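Residue numbers (our numbering), protein chains in the order written: chain A, 8 to 468; chain B, 177 to 616.
Derived from the structure by calculation, the hints contain no laboratory data. All of these numbers come straight from a predicted model, not from anything done at the bench. Every residue gets a Cβ at the ideal spot worked out from N, C-alpha and C, and that includes glycine. Careful, some of the hints might be misleading.
Sample of chain A residues facing chain B (criterion: CB under 8 Å; computed from the structure) [as the list claims (entries may be wrong)]:
| hint | residue |
| --- | --- |
| 1 | Asn201 |
| 2 | Asn204 |
| 3 | Ser205 |
| 4 | Ile224 |
| 5 | Pro257 |
| 6 | Ala263 |
| 7 | Glu266 |
| 8 | Ala275 |
| 9 | Pro330 |
| 10 | Gln333 |
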Amino acid sequence: MGRGYIVEALVEQYLVNLQTVHASCISGILIGQCSSQRDYVVLAAQTPQKDCGAVRGCSLGDLDADWVTEHGRQVSRMLPGGLSVLGVFLITSPDLSKEAQNTLRKLVYAMEKLISMGRLWNLTEEDVSERVGLHICSKTKKAVCRTFDVRDPKSSARPADWKYQSGVSDSWPVLKCSVDLDLYFPLSETSSENLENSVKIGLQKWAKQMESSVCLINGKHSDSDAELLTGLRKNAKGHHPNFRVQIMLPMQRSSAAAEACGGSLTLAGVLQCRAYLHSHKLKARQAAEAIKRDIMNTLSSRTEMFFEDLLINEGDGGKGIQPLPQRVFAPLPGTSLSLCDYMFPDEGAAEVGERFKEMLDFDIPEEQIDMTQEVITGKFLWHHIFLYYYYDTLLYFSRYLMLGHDVVEVLHLDFGRWPVVSGTLPSLNLPRTTNELACTHPFLSRAVIALHFTLLVTTRF
Amino acid sequence: MVASDRSAIILRARGSLELRCLLDGTDGSHVQKAVSRAFERVRARVTSQALVFRVRDSPMFIWPNKGCQVTEGIAETTACKDLQQRLRSGEPDGGKRSSKKKDKRNGDTSVINIDLLMELTEPGREAGPTLTRREVRHHLAQMALPVDCVVTAGMDDGIGDAFSRLVGALCSQLTDMESAVLRHISGTSLLVPQPFHFHLPEPTGLVTLVYPTGVPDAQLESFRKEMHVRFALPEDRPYLRRANAYHFPGEPFKDGYLRNPHLALSHPALEDAKPFLVQGVYSYHHYMQDRMDDSGWGCAYRSLQTICSWFQQQGYTERVVPSHKEIQQALVDVGDKPSSFVGSRQWIGSIEVQAVLDQLLGITSRILFVSQGSELVNQGRELASHFQREGTPIMIGGGVLAHTILGVLWSETTGDIRFLILDPHYTGGEDLQLVTDKVA
């Protein structure tokens, strides 16, 4: 008795299209959600071409396993909680069918290994450890589906059921939350300390706390085996109400320590997190696990990308405050799910759209990319700065972050009830004291010296 | 022993708050400022909207700084006694922890235990995630502050009010901790402040003081003197040593020994008689405890251990209860026994008990001789007045048996007497039920 795979009808269409377009070997990955009885596949994406313009190889030998698995790893960053890379597919001509099975096995194990290396959490006993290898013969169009147990590399492949169905993810409930981050990692005195390493070690400690955190869903503690939907009723439209997720940490029992440090790293800000569940009948515990894993994934993905970017651009890590890539969401066509991507400060919707096309092989119009979920802090203009006008002569600012930004000027200051400065603020390179701020701007010189300013970023430069 | 006040409930909040002091310099004023700033940050967290109270053994979560939002079923104006009722009856959900058979003698439902949590999903700010790097050399001193504060609330008080007082108590405890840390600072090393609760005689009631860990009671004497004056306490007995800390009903003891098992019994009816009992707390020591097989010869040793435990728990000594070997060694040290005595299975009697108490604890004891066991009934007045004045347990030894007398039920008019005995010959486990059932 093997596993069953319920596959979105759109995936069938995609795979069929692939076969008619190319006559050679095609590899790709399958994305969806596991559950104890069966798995759900919602997306298939072919491996992007290594070099533009090159002809796709005809034989399996031409297949670059590292490239395929790297594609899988990068795609796994674009998946919100609950979704994961379930396996690999290969489309070959009939004579290569047998060899394809061996290749599939290699790819599945290598992919799983690569993806799990960067994760801050490990699969538990309860998680499904079977991954799928799908082979489609380009001539007979027959699909042969087998599963491999990634916990046991020596095990043999087991046959599995591959069934198409439409609207697989239609009524999948979604959990959303914003998580406040305030992590502090001391750096040791020896300056040869690897920055990335320190962050990794610190994140692992944080991940342990996250795993043991208390999660309330709609006010109920989620450590029970009770179903998610207990007590909830559908509203008039037949939709289930949104789930409210609250995560709290029991206070830490760290041991007292005093050490000399050469510096420190702080990770702070608000992360937008999301997880999809395949059924309302899921236990509350599993739902909590899905959203917690998304929280851990999003932070580790971002820091990884930040350091990768640093490496590519040969930066030295910079000083002061650096923004981490911002999370944006885009809907998956034909489904109710959204996938995500991370946008660096110097990127825009166009770059995100390109990445979706390259990685996941679907087009998404720029205006559908949702960039409003997370707040940008970066080298941007502040469109509006709200100054709180207080007692006629006092200006009271509410604090926010200022990052290294270009020289800007105040264009207009309107002292009404809500004084608004539109345009840009002069570059200040992180004023150490509010005195600095007051002095460089004559019209602000009446500002009170206990400053905070609230900046609402609405547009990017 | 403390009598629980039927008209009040104690709310006890416990948690572990992280304190992080970044010391840019190591001179005194720098360190002081850094510590104060760090405490300021902790206080800000405690008064923020992210603070959550979780009521132990229940699915209730409360946000005291958010207008007292609660998860279910209860509101700001719910009376404390209703909250207690819900805890007693247990929630009909999982039922795993429904403890309907609460031991009435424990009376542990007069304390509501609360754990402190911090919510992460209520950011209170809008900021994208950033990575900040500081390359300034500094000293980092961090610790987890073990906050533990209590407020007493009347049964009919609204919980909203009680919880906001609890938050206030948290803040003032943090201030106390700050002063304790600053008082005992040395260079860049900080001592962890620890709160202790003391149940002082009425009308003061429950009081919380913060002592730094690692500093023995002896060094804190001047501080305690101040407190004795502040609370108008007599100077001849300890009230505020660590050993005097109030033990909340229902909490297990770290060492696993039973405390005052005699309280679970009621005294027999005797015409015109009054009970005169041991005052304070002792722990019950008996055969076979601590994996020491002293069955048949160790009864006097165990009785002595019970008496030593009384002195320790009333705060007269910091010395822990001595083991058989330590008792034997003490007798060798005073010259009463040869060195071969240590490790042997020889009995000791009242004279030896007196010697050990003097040697190890510096306590002088009085020996009362009776020529026959039956003559003990004539000592009613002596015994009664001892329990009234000193209140310590009495060891009785004669021939081949030893026991501990914890009290007498004595009638001044008829001279009738009954003895409350703690039997060291018991060989079972530390189970209150078993121990009290065996009473003849």
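Each hint tested on the structure:
no.: 1; hint: Asn201; verdict: violated (13 Å)
no.: 2; hint: Asn204; verdict: violated (14 Å)
no.: 3; hint: Ser205; verdict: violated (10 Å)
no.: 4; hint: Ile224; verdict: violated (11 Å)
no.: 5; hint: Pro257; verdict: holds (6 Å)
no.: 6; hint: Ala263; verdict: holds (4 Å)
no.: 7; hint: Glu266; verdict: holds (5 Å)
no.: 8; hint: Ala275; verdict: holds (6 Å)
no.: 9; hint: Pro330; verdict: holds (5 Å)
no.: 10; hint: Gln333; verdict: holds (6 Å)
The structure fails hints 1, 2, 3 and 4 (numbered hints given earlier, in ascending order).
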